[in-house]
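Peer 1: Taken in order, these protein sequences are the chains called B and V.
Per the numbering used here, the first sequence starts with residue 1274, numbered consecutively.
Per the numbering used here, the second sequence starts with residue 32, numbered consecutively.
Among the clues, some could well be false.
[As the list claims (entries may be wrong)] Computed list of lysine-lysine pairs in DSSO-like fashion (alpha-carbon distance at most 27 Å, straight line): (1) Lys-1426(B) x Lys-176(V); (2) Lys-1440(B) x Lys-110(V); (3) Lys-189(V) x Lys-176(V); (4) Lys-1401(B) x Lys-1375(B); (5) Lys-152(V) x Lys-1426(B).
[Stated by the list, open to error] Computed from the model, here is a short list of chain V residues facing chain B with C-beta under 7 Å: (6) Val-112; (7) Gln-116; (8) Lys-189; (9) Gln-190.
[Said to hold, decoys possible] Here are a few chain B residues that sit away from chain V, every Cβ distance over 12 Å (derived from the structure): (10) Leu-1275; (11) Leu-1380; (12) His-1421; (13) Asp-1431; (14) Glu-1450; (15) His-1452; (16) Ile-1454.
Calculated from the structure, these hints are not laboratory results.
All C-beta atoms in this analysis are idealised placements derived from N, C-alpha and C, irrespective of residue type, glycine included.
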Amino acid sequence: MLKDMVQGCLGPLAVCMNECQGDLSVEVSKPQVLEVLRRLKDDPGLGFDFLSDLFGVDNSDLHKKKPAPKKAAGEGAADAEPEQPGPLPPRFEVIYLLLSLKTNKRLQVKVKVPEDDMTVDSATSIWKAATWPERETFDMYGIRFKGHPDLRKLLMWDEFPAHPLRKDYPLEGLGEERHLIYE
Amino acid sequence: MGIQAYSGSGWVLTKLEELINWGRKRSPWPLPYGTACCGIEMMCALASGYDMARFGAERPSFSPRQADVLIEAGTISKKMVPILQRIYDQMAEPKWVIAMGACACSGGVFRTYSTLQGIDKVIPVDVYVPGCPPRPEGLLYALIKVMEKIEKDHPLRKQFEQLELAGSCGNA
Ligand code: SF4
């Protein structure tokens, strides 16, 4: 089983594992992400040698208060769960989609990125293919990748001031324009 | 004849203008500037099936310096604006612009932070072609409209007026 193999390969590095419709995802903590990716790549049984994608997620909707769920008729007040405040989940996530070309198995690796420490180690030393996706993630979410050789914006122009895929950025933008300037 | 032939709308001048307009009208070399899906439809209009060359658009000019009509077919992202402006600036007068498709006219379905909401925000447009994408006939119709516009132009009179203006300024 893939799950057991990944568990055996990572050991305590895997914070939690989740299988959804046959897709396995493993969450790891931020400081250890390079170690995890390297192990997954170098493990002879798993051999996740192909990085098919890397992207960010803004989970700020989780921070918003959810509307109270409607109760079905007949349920007593005893069933009502008390509001659990708990610690808020980190706002951002970086997700690595790995593929093993040998076994044709896929794996998601998730890293939570809190808003006050938006730096993740760059995976470019393991896969060169990470260069552009990391630039895109930096452009769209403002997540910085430590050790990236050339962390410039990928899609927007260099002077663009915002990170447009964040949930608090309006779809129509804030009126940023680019003009032709002759020196 | 005298001065009347050279200024105002004298017989020689108008006939000469007609000749120039006839020449210009029959050779509107297009600059195909296809940036998205509309570009495919533009290629179709340029190719043998619809054959835009029969209207004198014989040679798609990939250098802006030798083009007369800029066919802007497709979405323009805001990142691309300086390039579009520079290409327009590089075209020699007289020049005309066709905005082909909903994206070039108004941004189309892309009402977002990264898309220019119509190329008329940055360069003047002569003919708008609606549609997403417009059919090749639509582009041909736009080219005919440009030709009609060329026909009404007064290339010489404009230059004489400029000369007179410069002269009167110098005398004063
Ligand atoms: S108007 Fe429609 S077909 Fe043309 S470029 Fe825009 S989306 Fe594509």
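Peer 1: Verify that the Cβ of His-1452(B) lies farther than 12 Å from every Cβ atom of chain V, and report whether the claim holds or is violated.
Peer 2: 7 Å, violated
Peer 1: For Asp-1431(B), is the shortest beta carbon distance to chain V beyond 12 Å?
Peer 2: Non-interface label on Asp-1431(B) violated, nearest chain V Cβ at 10 Å vs cutoff 12 Å.
Peer 1: Take a quick look at whether Lys-189(V) and Lys-176(V) sit within 27 Å of each other, Cα to Cα.
Peer 2: Holds, because 21 Å separates the two Cα atoms, which is no more than 27 Å.
Peer 1: Any Cβ of chain V at or closer than 12 Å to Glu-1450(B), or is the non-interface label fine?
Peer 2: 6 Å, violated
Peer 1: Is the interface hint satisfied for Val-112(V)? The criterion is a beta-carbon contact with chain B at less than 7 Å.
Peer 2: 5 Å, holds
Peer 1: Per the stated criterion, does the least C-beta distance between Ile-1454(B) and chain V lie above 12 Å, as a non-interface residue requires?
Peer 2: Label violated. Min Cβ-Cβ 7 Å, cutoff 12 Å.
Peer 1: Should the label of His-1421(B) as a non-interface residue stand, given a Cβ cut-off of 12 Å to chain V?
Peer 2: Label holds. Min Cβ-Cβ 21 Å, cutoff 12 Å.
Peer 1: Per the stated criterion, does the least C-beta distance between Leu-1275(B) and chain V lie above 12 Å, as a non-interface residue requires?
Peer 2: 39 Å, holds
Peer 1: Are Lys-1440(B) and Lys-110(V) close enough, with their CA atoms no more than 27 Å apart?
Peer 2: 22 Å, holds
Peer 1: Holds or violated: is there a CB of chain B closer than 7 Å to the CB of Lys-189(V)?
Peer 2: 26 Å, violated
Peer 1: Regarding the hint that Gln-190(V) lies at the interface with chain B, is the smallest CB-CB distance below 7 Å?
Peer 2: 26 Å, violated
Peer 1: Against the 27 Å threshold, does the CA-CA distance of Lys-1401(B) and Lys-1375(B) hold or violate the hint?
Peer 2: Answer holds: Lys-1401(B) to Lys-1375(B) is near 19 Å, not above 27 Å.
Checked against the numbered hints given earlier, this structure breaks hints 1, 8, 9, 13, 14, 15, 16; the rest are met.
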